[in-house]
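Knowing the structure of chain A, use the given hints to seat chain B on it.
Chains as they are written, first to last, in my numbering: chain A, 1 to 1088; chain B, 10001 to 10535.
Incorrect hints may appear among the rest.
Label pairs and their calculated CB-CB ranges [stated by the list, open to error]:
1. B:Q10212 with A:K890: 55 to 61 Å
2. A:Q713 with B:R10242: 43 to 49 Å
3. B:V10522 with A:S341: 38 to 44 Å
4. A:G458 with B:Q10335: 26 to 32 Å
5. B:N10120 with A:Y417: 55 to 61 Å
6. B:S10186 with A:N834: 32 to 38 Å
7. B:Q10212 with A:A833: 35 to 41 Å
8. A:Q557 with B:Q10519: 39 to 45 Å
9. B:V10522 with A:K593: 45 to 51 Å
FYI, nobody ran anything at the bench for these hints, they're computed from the structure.
Glycine included, each C-beta is placed from N, C-alpha and C at the ideal position.
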Amino acid sequence: MKKMYLKCVSMLLLCFLTITVFAQKNITGTVKDASGPLPGVSVSVRGTAKVTQTDGSGKFSLSVSPNEILVFTAIGYAKQEISINDQTSINVTLKESSNQLDEVNVVTTALGIKRQEKSLGYAVSTVTAKQLTEAGNTNFASALYGKAAGVKITTAPGGASSAVNVQIRGINSINYNQQPLYVVDGVMIRNDGQNGAAGANNNNYWDDQRVRGNGILDINPADIESLTVLKGASASALYGSDAASGVVVITTKKGSKNRGLGVDFNYQGSIDQVAFLPNFQNTYGPGYDRETNVANGATEEGWIADAVSPSGFRPYFRAYANFGPKMEGQQVRWWDGSIRSYSPQPNNYRDVYQNGYTSNANVAISNQTEGVNYRFSASRLDYKGTQPGNTGAKNTFNLNSTVKLAPKLSADVIVSYVNTITKNRPYQLGQVLGSFAGFFSRAEDMGLMKERFQTSNGYKYATFDQTARPEPFLFNIRATNLLDFYWQQLKNQYDENENRLLSSFTLNYDVAKNLKLRGRIGNDYTSVKTENHQFTEIPSALNTNTSTGAYTTTQGQYSVLYGDALLTYSNKIGEDFGLSISGGYQGRKETYKDLKSNTRDGLVTENFFALSNSFNVAETTEARKEQLKYAYLGLVNLSYKDFLFAEGTARQEYVSTLPPGNNQYSYYSVNSGFVFSDLWKLPKFWSYGKLRASYGVVGNAPPIYEANISYKQTSLQSINGAVPSLVSLASYGNLDLMPEKKHEAEFGLETRFLNGRLGLDVSYYNNKIKNQILPLDVTATNGAQRQIINVGEVGNKGWEIALNATPVSGKFRWDTRLNFSTNKSKVNSLYDANSEINFYSSDQATAKIVARAGEDLGNIYIRPRKTDANGNYLINDDGYYVMDNSVYVKAGNIMPKAVGGFSNTFSYGNFALDVTVDYRFGGKMIAPNLKYMRGAGMLENSMEFRDAASGGLSYTSNGKTYNDGVVLQGVNQTTGLPNTKVLSAADYYITTYNWGEGSLTEAEIFDNDYIKMREIVLSYKIPASFTKKLKISNLRFSLIGRNLFYIHRTLKDLDPEAPLGNKWWSQGVDVGSTAASRNFGFSLNANF
Amino acid sequence: MKKLIIKASFLVLSLTVAVGCKKDVDDKFNNPENVLDPNLPGLFTGMLNNDRVAAKYWNVRTFLSQMPGVYAQTTYFANGNTVYQQSDSYSQQYWDDFYSPGGNGSGPVALYRAMERKFNNLSSTDQTNQKIIMQAAKVVLLEQAAKMVDLWGDIPYSEAGSLTATNMIKNPKYDEQKALYTSFISDLASAATFFKTASTTAAFSKADILLQGNVKKWESYANSLRLRLLMRISKTDEATARTAVLQILGDQANFPLVDGGSDVAKYNPATMDVLLQPLTNSSSDLHDAFFEGSWYATDYMLNTVLLTANDPRIPVLYDKFGRVKKVAGKDQFVQNPTYKAMPVTFTTAQQESSFADYAVLDSGTFVFNQKLPGILITASEVNLLKAEAFERWGSTADAKTAYDMALRQSVAFYYHLNNINQGAYVKETFPSATTIDTWVNTSNAAYTDASTDKLTKIYTQKWVHFGVLQATEAWSEYRRTGIPVLTFPTNGKQAGYDTPPTRLIYPAKEKTLNSANYQAVVAKDTRKTKIFWMP
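Okay, chain B solo, but in the shape it has when bound:
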């Protein structure tokens, strides 16, 4: 017995050495849950799956409804004393999400640099095969990069992403905004040229959760983005914009656009616009984002623009809302008789006591719509860009064609969004042709009057079309055109924040951690500095 105990004891003892050896130490270094060698299609999908593009709570709640939406009045806001003060932490997050994954965006810069690094190490055959993925990824990057310039002005770009590029930290310099825009425009041109002759691949088609590997659509998308950027600079660099835009518009066969085709009856937003569809198992919607403060209709948009024109989009943009009232002794929800929005000048006490008498965002289209896509570019926007170009540099008749088309497409677009909702929400029936025709031809939205009025209508309609979901674009166009002329209440505001800014100031962490490079742009870093494309 005793011998047995002793033997057993030594056996246990010898086990102590079995805890580990050198090979185990090497093997246990890496996390088994992660991938060590990424491939291009996976990274490309990673870039596309961007919650700053998709219709997601965090982006709508903390960014669009806090900053651009407020400054462009496409979002309702409570009239507090710091309403125009930029939220540092939320704008920091938006900033970070462009450069690095791990937040709510996909970190397009980091992933694109990782792709470049991987691509450069491929054999030339593999490079030829995978170039299409690189070009599409570039377009995806540029769309987001241009928005960054629109928000901040100079941004780190050419040197950004050094960790995924080289594994080393190198704080990037700030690239000058105008030069960046010029490079974006030229990169988009080369991407479009590439797609013109490229043929798709199986790997690309599978990984491309945006356009399913359709090279024709990638070509149109690149051209359309270029058109958007060219028109954006057209107030400060008209010559460049004009030449390039007229080339595009004059040769539609060689420069296809995301314009929904020439027959509005055949326009299908789901297949023709560039929309990021939600993941098929996604169940999120935006109700929390809107309920937490930006649910109500906006004054200028509803009261001044839509109602006066009897706009056919009103039923899919807004619900009338109402109050629970005693009807025949029973609590019953009684709808308001008409659509109307609270005046932007309401005090918070007024807002709090009478909000129920005013319209709210449409529940089927915006609030409870799980199928709401992320909107990258739509035919209506492209036609309004065309209309502006024709009106300024070409024939007003062409401009009218494009403008009318844009209006009809916008109606189709919003009814499309309304009709894809999966819940038990009212799917509005599409308005009759007469209703739309009356609106397009004879209302105050009709393309009539002097050229400046026409341009005002183009800008106003674009602002309406962008609406609550594309607030960043709406703010950019508002700053570029100054249209519509909005009133911003200034009473009782914190000193220094009594009007909206014209750009976002750099987030605090960026200033601190990239301070050496920040010194070069510190003079421009005020909330009232203009972006270069602002006249």
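Chain A with its partners taken away, still in its complex shape:
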């Protein structure tokens, strides 16, 4: 303490000395902008701490020396520097700034505290309203692609109702809370808390197959004024738990200062088309290898004899593979009895989908008067998805107002109401693309499938063996899972109606000079009602003990109640020291209630959807979840002369999701910024330079009830009457569970050259997240499937580089922004040094994603091919590779090594062209479906060897000559001699690219690098001379293209962004989602 005191005193003295060196004089002046005097402009002397502000009439006065330079800064205006020389009075006119580089950026940091970007000791990324809205994205998160360094976005396919994942700086928790915390106007909002630990979307074959959304989709991009991403622990420490994965701070638009009454209108419309589909072969139809064909009763080639068929044969409709006869237009009897030509259907997968559209209109009125500032906006979004049956609409109303209640008291009242209607939310296609029961042949006509999923009377299709049902198919066909998909999307009706109210009330009170009190209470309340109408599948006359069809209704009520209070004392100590001390409280209560009622065993009356129409006694189940988190916090800010800044924070947190005894913990952070360009004289071209350093700790708690050790009671209606049964849970709790803690150090450099025409921001971070909480999968022999435990430590380190430049300015102007980030996540330790955590395993565990101590997180291990001592592949007597099921070898890592974006804005006169490219390099994808599809001969990559022209060998078998031979390179397993066994191409693909043990595991691991043309916006500002006549102050028309094409991609048969799922590893695994889309549209912006 004493040391600290001495340091302060000596620094103080030092400052005093610098000030007295020069002869002083007073300078006065007035600052204006185009419309008149400008109050609140900061006037400072470069390289000193001397600073003042203009008064209500734009006037200022300051004591200076002649050789000094005055700096004028104000939000929304270009910075101006003026040498004083002999002047004693200066009049300055500031220009409104279009280039944010010149602005004095004020950013909203943790707890809504506004600070100059200059004073921050950590990196933040700020994204402007224009960047969020110009390309017409229906949600703000999808607009962030490539725009913020270190932020990785993944939008689930399916359109406007699908969730968007945001990942900031690598993996902060290997199981929970990998999504950032979203704070809108100071209130923490619900993202997908109602889903608990599971998250919004799974990526597995069996569970909920709908592509779900998350809460951030409700925040209307058109209402956002600014968005700040707080990345590191120090930046987010004040938000505590849930902020471990970063914080996105959103401020909505207020009434504009200098416009008076204003009306804004925006409209965006776009067409959405599926894109980036697999490359299918279009030569061969259904059938297997010759032996299987014959064993199953077909000809060698794959025809089934059929006297009624014009050609005497019909295709083998039951075959999942496509090694059958060439499709040459032969006339054959089809499975529905019709006579068709046996021809390729190159677009049959595309035809599963439809063209969608999106239409989004927004109108806002704003005003500012003496006592009240308000903005009211209304938006309407309509869309039709690319999946058949999917449509939706969203109405958003937002009111943002500030009311001056008394001279020292003002209140901000913000209310948003969002109504969302979603019909037949997109369905995952995993059961079509990842199961042989969904594989349709290259000869299948999608029009017929779309017609025959129901009978002529509207009942569900009947397979060939369901002879008791109406209109059974003539033959056994394969792709019934696809028919089920159509039944689900085209027949059944699944409607969601969600109403959400977000409110925030903030009171600002100037208690005394230098003492401010701010209190806030906010609420995020959602009510969701869904109705699922499942139509009667078979005529009720054919019912047995049960009926078909169903009606299910659910009601959800999700509420977040948030409150904080902050008392701040700030003052100057002497000329140069600034001090601010705050203390406060922050609390949050979340309640999630879900009630589900459904009919049981079908409907009595066909297609009458009511619980009272239940065949058996209708059922109701309820889930209730509640959690409470609150904290006491404090922070201290110090500044010295406007170039040296320091901040310290501390937080004591209480969390209900941790076991009593472990449910309170505390942590802290410190950070410091040093604007060296204000202290040292830099070369002229070097306009600005700042160094940052920070260190912080953030805690993180498990989701609701995950740590409980409890038993589930069910009341059984048994032969003994109602008897309670108790069972333990498959997920076992842990009463010794401790919070995760992330410790992060960060260093950064921010510089600008040539008066801001070139800027560079570099950050390096290194973190450790200790006591990782994970529901560790254990062998069920432990008595449960998993237990929640503290498994060990994970660390991330990485670089974030953002570069911006204006290479050309003038009438033609070119602004360019490049950002690049790398991240490496490593497992530093696990609870047991030799253990491994298995996150995902596919295909009978032939490939798996695991964590092992000391290794990178996200490593893929697979079963390799067996080799001899010389590294030759071993080939078995049947001619196939021998897979080594005794070991696993590393086959890469799913985590991208680098992500980033490259944006360019070209403007010429009234024209502007914005081009955004984003990229991801390194990192692999496990895509078992692509292996199965290749094995089934569906893809172009299964064409090799099928005939002599494609490299097939000629060989003779049973006296016949074939040209589809393959000899795998390697040596015979038993003899050690080079392999000579000839396989047919069909045998080779079907066996090598089959599922499960024995198949070639490498064939499901793919590199996943891409550079994508994300957005192109060409806009034209209608000349003011024309718009003035219409009383429009600003009118802009834009053409928009999103997700246009890949400049480069390594994954040929799958969209790199196809995977679904909320887990950190989900983005490295595809189990079949839905097709990605490409969007074209236009937008119109008008200000009145």
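Just chain B now, kept in the frame of chain A:
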């Protein structure tokens, strides 16, 4: 007005602090829907309510009809190229369901360990009162554990269930299969001894949704299970089996069995066999399980065994099925003239085109029977076990008595199952005494010929009796006895999977997550390794 606004504002502000306090944080930790301190009766009921025992869709569809039923041919299967390949995920689920709740079984191991833990913390008085629940739970556990050994061989058992036992993870070692069987047999003996003198309690009777607290039946059940296990080991450890079995059979007063009594007319499966009755509000039946691929009659059972003997069970085991045909210009369902099953050698194309000409499982007995119980042990099985023991180690006359009784009980059993169905399905009338007598005495099922033929008949009849519902037992007995001699088509099969396995390989997750202990059994983990009781 302004003052009012200010005051109101501060009131709202002060509410922010009311969001929560320390006590609330502790109180909100536990899920209000769940129970924190379980009791023994509740856990015992939880163990009994096991969907791996009950006649449930998932077990029949994904386990019995996919693996044991195929390997024992008690289930019809489509002749695909991977038909003998074990389904890893489905066998994983069966495995998991034995150890942990949360799937389709009750997780008997986890619940039994929780019961032991609770029991050890009871006062000695409470322990005395509740011991009966522990003993019954042990029997329930052992029945399932023995099936696990029959399927896999060595399994984790003695160290399994550490989470519910101690709240800690401890991956269990694999116990050697023969030693396990020995311990099961001895544990069953002590349970039977306990029940001999135990008196029931109200709590036990209420919680016991299997035998309603009837100690006499628990005693017989324990003895019968022990008999089953002893006969299972009798081909590889004949001395042990013989001594113990002869002791049981020689002292029926002290070792009561689930044998249905000596008068077949008084045999009532509902009260005398050990059957898990469906919950009274259960409406499920097995139609989906069978319609999804295993609905058809099996070749050897119907064509070779039942039809040639004019077996009286045929009408309750099968429907003739048929096709919709134009009769006098109208679509009409025309039944096939006779019962017959598709040959097991049919290609899939043949199966697909001609399935309607062949018999299917009986709709009243199997397909639409909501009252179908879970079968644990039946009198017919017990009498066939007795018959085998007498034939091998005692008098063939005693063997015949037991065998004939078993046959008659099996008829009664299947007609019972057929007659309890609640729907509008044909309830077959019980065959006449003459029909049954002719079958028992003079058909090719009659207990005649040389001793080996007699044993073959015992094994064959047991295989028939187990049928589609007790496929796991059928597969075990088929592997132990090699009877009946079945043909498995091998053409067009995936390399390495051209014949059925002799055991299941350990599921993938178990291998990965319990890898250290798995190393000890990795050498035995092939699909053709024999279970220790296989000769």
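The hints, checked one at a time:
{"no.": "1", "hint": "B:Q10212 with A:K890: 55 to 61 Å", "verdict": "holds, 58 Å"}
{"no.": "2", "hint": "A:Q713 with B:R10242: 43 to 49 Å", "verdict": "holds, 47 Å"}
{"no.": "3", "hint": "B:V10522 with A:S341: 38 to 44 Å", "verdict": "violated, 55 Å"}
{"no.": "4", "hint": "A:G458 with B:Q10335: 26 to 32 Å", "verdict": "holds, 30 Å"}
{"no.": "5", "hint": "B:N10120 with A:Y417: 55 to 61 Å", "verdict": "holds, 58 Å"}
{"no.": "6", "hint": "B:S10186 with A:N834: 32 to 38 Å", "verdict": "holds, 37 Å"}
{"no.": "7", "hint": "B:Q10212 with A:A833: 35 to 41 Å", "verdict": "violated, 52 Å"}
{"no.": "8", "hint": "A:Q557 with B:Q10519: 39 to 45 Å", "verdict": "violated, 52 Å"}
{"no.": "9", "hint": "B:V10522 with A:K593: 45 to 51 Å", "verdict": "holds, 49 Å"}
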